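Q: Below are the chains, spelled out letter by letter.
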Amino acid sequence: MKKGVVALACPRPRPFWSRTREKTKTAGRRMLPYLLIAPAMVVLFVFLLYPIGYMVFLSFFEWNMIKPMEFVGLQNFITMFKDPAFFQTLLNTLQYTFFTLLFGMGLAILAALFLKKNTRLNRFLQSTIFMPYVMPLVSVAFIWMWLMDTDYGLLNFLLQTLHLPTVDWLGSTSVAMYSLILVSVWKCVGYNTLIILSAMQAVPNYLYEAASLDRAPARRTFFKITLPMISPSLFFLTLMNLIACFKVFETVNLMTAGGPVNATTTLVYSIYRDGFQFYKLGYASAEGVVLMVIIGICTLLYFGVLSKRVHYR
Amino acid sequence: MPKPIRSTARWIVSIAILLVFFVPVYWMFLTAIKTLGQCYQTPPSFWVSSPVWENFVNAINAIPFWSMLKNSIIVTLGVLLCQCITVIPAAYAFARLRFKGQNVLFGITLATMMIPAQLIFLPVFLMFSNMGLINSYASLILPHATSAFAIFMLRQTFKQVPEELIEAARLDKASQWKIITRVMLPIARPTLVTLALLTLITTWSDYFWPFVMTTNNDVRTLPVGISMLRIVDGGVQYPLLMAGNMILVLPVLIAFFVAHKHIIKAFTYMGDK
Amino acid sequence: MKTAFLKRMIAVMLAAILVFSLASCASGQPASQGSQNSTGTSQNGDTIELTFWYSFGGANQVANETLTQQFNDTIGKEKGIHVTAEYQGSYNETTAKLQAAAVAGTMPDVSVVGTTSMGIFLENGQLAPLNTYVERDLDTSDFFEGLLKNTVKDGTWYGVPYLCSTPILYLNTTLLEKAGLDPAGPKTWDELAEYCKTIHDELGIYGLSTYSYEWFLEAFMLEYGITMLNEDETACNLAAPEVVEIMQYFKDLKDAGYINWAPSADEGTGQITADYTNQTCAMWFSSTSGLSTVLQVAEENGFEVGTCYIPAKETYGVPIGGCSLVMFESVPEEKREAAWEFIKFMTDTEQTAYASKTTGYVPLRASAEETDTLKELYAEFPQYKVALDQLRDYSTGRPLNPNYVECSYEIMAAMDAIMVNDADIATTLQQTAQKVDAILNQ
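Protein chains in written order, with numbering that gives the first Met the number 0: chain V, 0 to 312; chain U, 0 to 272; chain X, 0 to 441.
Note that these hints are calculated values from the structure, not bench results. Just so we're clear, the structure is a prediction, and the values are computed from it rather than from any experiment. Incorrect hints may appear among the rest.
When the alpha-carbon atoms are kept at most 20 Å apart in a straight line, the in silico EDC-like pairs for lysine to aspartate or glutamate are as follows [as the list claims (entries may be wrong)]: (1) LYS253/X to GLU61/V; (2) LYS66/V to GLU405/X; (3) LYS76/X to ASP436/X; (4) LYS81/V to GLU405/X; (5) LYS250/X to ASP167/V; (6) LYS66/V to GLU328/X; (7) LYS81/V to GLU333/X; (8) LYS253/X to GLU208/V.
So that you can see chain V by itself, here it is in the shape it has in the complex (with noise of 0.2 Å):
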């Protein structure tokens, strides 16, 4: 894996600095990328790994903020493991994470086939789907709680002029987990749009040239050509999302409050409240570090997929 991404990095046999044979220079030279990367490190060692290894640390303690520390080794883990709702909490985790990916990616990829045409009303259209994009979340949170009011919300009124039933969007245990779905989708699919379709443009022509001489069909241009070729960009948006629905709290807090039932409880959500609404710090690290560990897992996923794919370049 490491020899892939210096290959990648340095294409050369012998990098260009090193050339010079003066001893200081050298030693200069040595010291000059830790240099480079020194400001950007010290703000994330200060700034998120130390309190990732407080909140590791704290994780084998009993602690309320106010009393003493008590040192309680892994119980706090032995609790949690034990706890029906902490599975219950994962899995509205990775259920809001797979949903959102699936929608947010599938039509992501339709869009982008439906706008590839590089005309006038296409580009506005673009713009449009990427509007909510640049919105901040919180706002997008207050717009759809309205949105979704059972009574008196714009949905449920165009539903009924539908003469369809209405729907108890946020709730409704069985639901309201898709309507948080549905606003992280409406967010964030623009973006995801936006990469599609420029790695859709930056396919090289004579390969569709080629295919149309094939007469193959439009179907499997789309499965032989433009899925693999726009792959790399694929696996960036599922990390780019992928990352932005583990770190899900702004919308649950505000439209649900993880209910209805706890039905959407999810994983940052719930250490946000065991902490800091019940004060049970050593508790809550302790899911923040099962957190961890699966942040941690996807980033050695990233690393190993991105050494596979060296060769693309």
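Assemble the complex: chain V is given as a structure, and chains U and X must be docked to it using the hints.
A: Below, chains U and X without anything else, positioned relative to chain V:
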């Protein structure tokens, strides 16, 4: 499929897309200029003949609006400036230099992208308290002084800079500094613009961090103020909330409509690796 | 080689973490214990600077900021005290911020604390006992008894009630009259059910609109003559047959279409507000604290609003809500007298009358009824008086167990499960009771 049907279908889908994405925003605007009674009317009206602009005045008067606006601008620009300083050199080093620990450090950088603020704010809050920096711009700017995502994206861009260009610069005895400023940055301009926009948007929109890091209104930003319109004992009033929401969204939307071509182009470039 | 390298990196990382944690510990106990003033100048001349944290925007914000300003302009000026009022979100958010500030040593001097959060602070011994000041300066008999249940523990005052409320039944009297009902409102649960049915049959709208809220359930239980938790707060009474009866009563009404029951997140989404504003319900349970807003909405939309006690089953009864003013143990001795001056001012007769009028919270003291402010108010809006009478005669405290905040989530989830998901009532309550008991004793 015959052509006329095809093009009709196209139009129908296009209009559907427009409705799905414009109506919620229009609805926010409409609610913001309705009275409370009008806003709960059934069937709802899709047009208001006498808009209630006072909702905006009331929203602005209910919170320390102008100082929060100032804070929002200071924090947003501060974060942007800091990120320029930290991200560009780091991205260059990760893309073009070779050093021990590169992969591990880059992996750590990537992993930090996925850490949600809700997990880490307490130790950071304690740290700033100990330094007496709660309610200071530093507590809002420094934790966001770098962006793993930006480093990642910029690194990808820097990697695509043709080796010959750097070679040429090197033959001219250009220093590392010059290589960065004269060769790399001009080529990466679209990416830089996009990243800057992303930073501006996320910092401008952030509610959680400015709320938990502050205990008074000295440095609080606009989203915290807008949420004061929602956190009311005894029922939310949608017209007032939507008016506040409009104020928050408006700058972003205006910027978007003025510059949407550039924004789209910039984002397109980024996906185009 | 790769593993060795990895190990080294991890070592470096750990070392860095250690250094940072040491650094933040070393600077640990901050020099400026107690309040850390935003202005920087904590004591110039003789002026004592105090910080006061309050919850909620809207009418609460107006009342808090105005009263603080009044204090600074009058007593503050005279005695050299200056108070800065600072907004901190909802009651729960304020509590979270106070706890974080306690760890950091940046507590304010005075703060509001929500009724159910009092237990958390009491358990941790963070509240300064106020008995010396109370005995010296307050006529304690003037305060309504129910209000003291959450601030006075075993004879010790840990705070003074401040913005307090109770649940109450709001009535759209215009609609009630249209349906041929007595606009005075239902007095018993049987009458309530009848009202709901009549309104539904006559007008085709909901009789009552409400949502899953443990505060309301506490009220319903009080009317059955039982409390949410037992005497020493080690177990709950959720599994009692009375609670099954309560839930069955509302479930039947809901299934018949007579009432609207929204899920617990409603505090944020405001379905009830929508229902009464739009006159699609004729009655609704809510806090007295919203009365001023409701009256305003009613006027804008052309209907009359009445209030009445939450109907009785065995008896009347309501739990108090809202918040108290507290002084923290972290406040240094030399500032305590000043902090007390502020607390005393904020809860005094004239001020509580003003706050009551601005927000709809009930006045704290019997003497407030005699102020011109409230006399005028009650003459014009007798609705406020009903809230006061209910408070005086039938109110009691809320649980003080520090884990009750967590329990309340379970209780609301159970109410949601029964009303929204049609879960079996007895089983759900049984299971929830077990969970709540476990949480109470953790």
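Q: Check the hint pairing LYS253/X with GLU61/V against an upper bound of 20 Å on the C-alpha distance.
A: Roughly 43 Å separates the two Cα atoms, so the pair is violated.
Q: Can the restraint linking LYS66/V and GLU405/X be considered satisfied, given a maximum Cα separation of 20 Å?
A: holds (18 Å)
Q: Take the C-alpha atoms of LYS81/V and GLU405/X, compute the straight-line distance between them, and say whether it is at most 20 Å.
A: holds (18 Å)
Q: Starting from LYS81/V, check that the Cα of GLU333/X is at most 20 Å away, please.
A: violated (50 Å)
Q: Please verify whether LYS253/X and GLU208/V have alpha carbons no more than 20 Å apart.
A: violated (65 Å)
Q: Within 20 Å, alpha carbon to alpha carbon, are LYS250/X and ASP167/V?
A: With a Cα-Cα distance of about 17 Å, the restraint between LYS250/X and ASP167/V holds, given a limit of 20 Å.
Q: When you check the alpha-carbon spacing of LYS76/X and ASP436/X, does it fall within 20 Å?
A: violated (51 Å)
Q: Does the structure keep LYS66/V and GLU328/X at a Cα separation of 20 Å or less?
A: Between LYS66/V and GLU328/X the Cα gap is close to 14 Å, so the pair holds against 20 Å.
Figure legend: structure checked against the earlier numbered hints; hints not met, in rising order: 1, 3, 7 and 8.
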